[in-house]
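> Line by line, the protein sequences give chains A and B. Residues in the first sequence are numbered from 1 upward in steps of one, following the numbering used here. Residues in the second sequence are numbered from 1 upward in steps of one, following the numbering used here.
Treat the hints loosely; a few may be bogus.
[Stated by the list, open to error] Below, computed lysine-lysine pairings styled on DSS-like, alpha-carbon distance capped at 30 Å:
| id | chain 1 | residue 1 | chain 2 | residue 2 |
| --- | --- | --- | --- | --- |
| 1 | B | K57 | A | K52 |
| 2 | A | K68 | A | K111 |
| 3 | B | K11 | A | K107 |
[As the list claims (entries may be wrong)] Going by beta-carbon spacing under 8 Å, a handful of chain B positions derived as facing chain A:
| id | residue |
| --- | --- |
| 4 | G40 |
| 5 | Q41 |
| 6 | P43 |
| 7 | E83 |
| 8 | G101 |
| 9 | F105 |
Keep in mind the hints are simulated off the structure, nothing from the lab. Quick caveat, the model's predicted, so the values are computed rather than measured. For each residue, glycine too, the CB sits at the ideal point set by N, CA and C.
Each chain, letter by letter, is given below.
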Amino acid sequence: GDSVTQMEGPVTLSEEAFLTINCTYTATGYPSLFWYVQYPGEGLQLLLKATKADDKGSNKGFEATYRKETTSFHLEKGSVQVSDSAVYFCALLGGSNYQLIWGAGTKLIIKP
Amino acid sequence: DTGVSQNPRHKITKRGQNVTFRCDPISEHNRLYWYRQTLGQGPEFLTYFQNEAQLEKSRLLSDRFSAERPKGSFSTLEIQRTEQGDSAMYLCASSAPGGHGELFFGEGSRLTVL
Numbered sequence: 001g002d003s004v005t006q007m008e009g010p011v012t013l014s015e016e017a018f019l020t021i022n023c024t025y026t027a028t029g030y031p032s033l034f035w036y037v038q039y040p041g042e043g044l045q046l047l048l049k050a051t052k053a054d055d056k057g058s059n060k061g062f063e064a065t066y067r068k069e070t071t072s073f074h075l076e077k078g079s080v081q082v083s084d085s086a087v088y089f090c091a092l093l094g095g096s097n098y099q100l101i102w103g104a105g106t107k108l109i110i111k112p
Numbered sequence: 001d002t003g004v005s006q007n008p009r010h011k012i013t014k015r016g017q018n019v020t021f022r023c024d025p026i027s028e029h030n031r032l033y034w035y036r037q038t039l040g041q042g043p044e045f046l047t048y049f050q051n052e053a054q055l056e057k058s059r060l061l062s063d064r065f066s067a068e069r070p071k072g073s074f075s076t077l078e079i080q081r082t083e084q085g086d087s088a089m090y091l092c093a094s095s096a097p098g099g100h101g102e103l104f105f106g107e108g109s110r111l112t113v114l
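Working from the sequences, and respecting the hints, build out all of it.
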């Protein structure tokens, strides 16, 4: 079945460092891909998405490119801030068209 | 627009008791989802409504769990005869027509079964 694998956390970085959180997937067909973020004490919220190969999703300085050849959707940010500390979830929407398949999440800690 | 609202935010109960959670989605959203999340894991799908129709229920969900969305607006999730393994965060999300995968989540209802 469809699945999503994320790098294990926590990932600890200093402010202004470059961030990459790896996400790879297994799916039949052509899924849509998503990154969600969960800030401490808040609900999950959509960060960015990409619906087809080579699409780049971007929001709040974060970017991720849908790479079909490597079945990856890695999250990147050029210069992280303390306020980016959160748990980040990669997810895919496959053929069912309603049920998201989620990764386990990666906790990001940014130190000032 | 007040977003997705869930209550209670935290419920502590004794094993064997019944609990009910309520979710009020964003008003124009026709799709409503329930998920369960435990520490260090991604959300686990429980069930999905389109308007008032329950279109899918996870086969992992025991028959102690039931959900309703009587008028296609708010939804309730009831857990009967709770067990300690039911302790988790229960998440509700809604989405607009055509908004596949673009879910708006509430802050969740945390269940602790003693």
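> Against each hint, give a clear statement of whether it holds in the structure.
Structure-based check of each hint:
| no. | hint | verdict |
| --- | --- | --- |
| 1 | K57(B) to K52(A) | 28 Å, holds |
| 2 | K68(A) to K111(A) | 34 Å, violated |
| 3 | K11(B) to K107(A) | 26 Å, holds |
| 4 | G40 | 7 Å, holds |
| 5 | Q41 | 6 Å, holds |
| 6 | P43 | 5 Å, holds |
| 7 | E83 | 23 Å, violated |
| 8 | G101 | 4 Å, holds |
| 9 | F105 | 4 Å, holds |
Of the numbered hints given earlier, the model fails hints 2, 7; all others are met.
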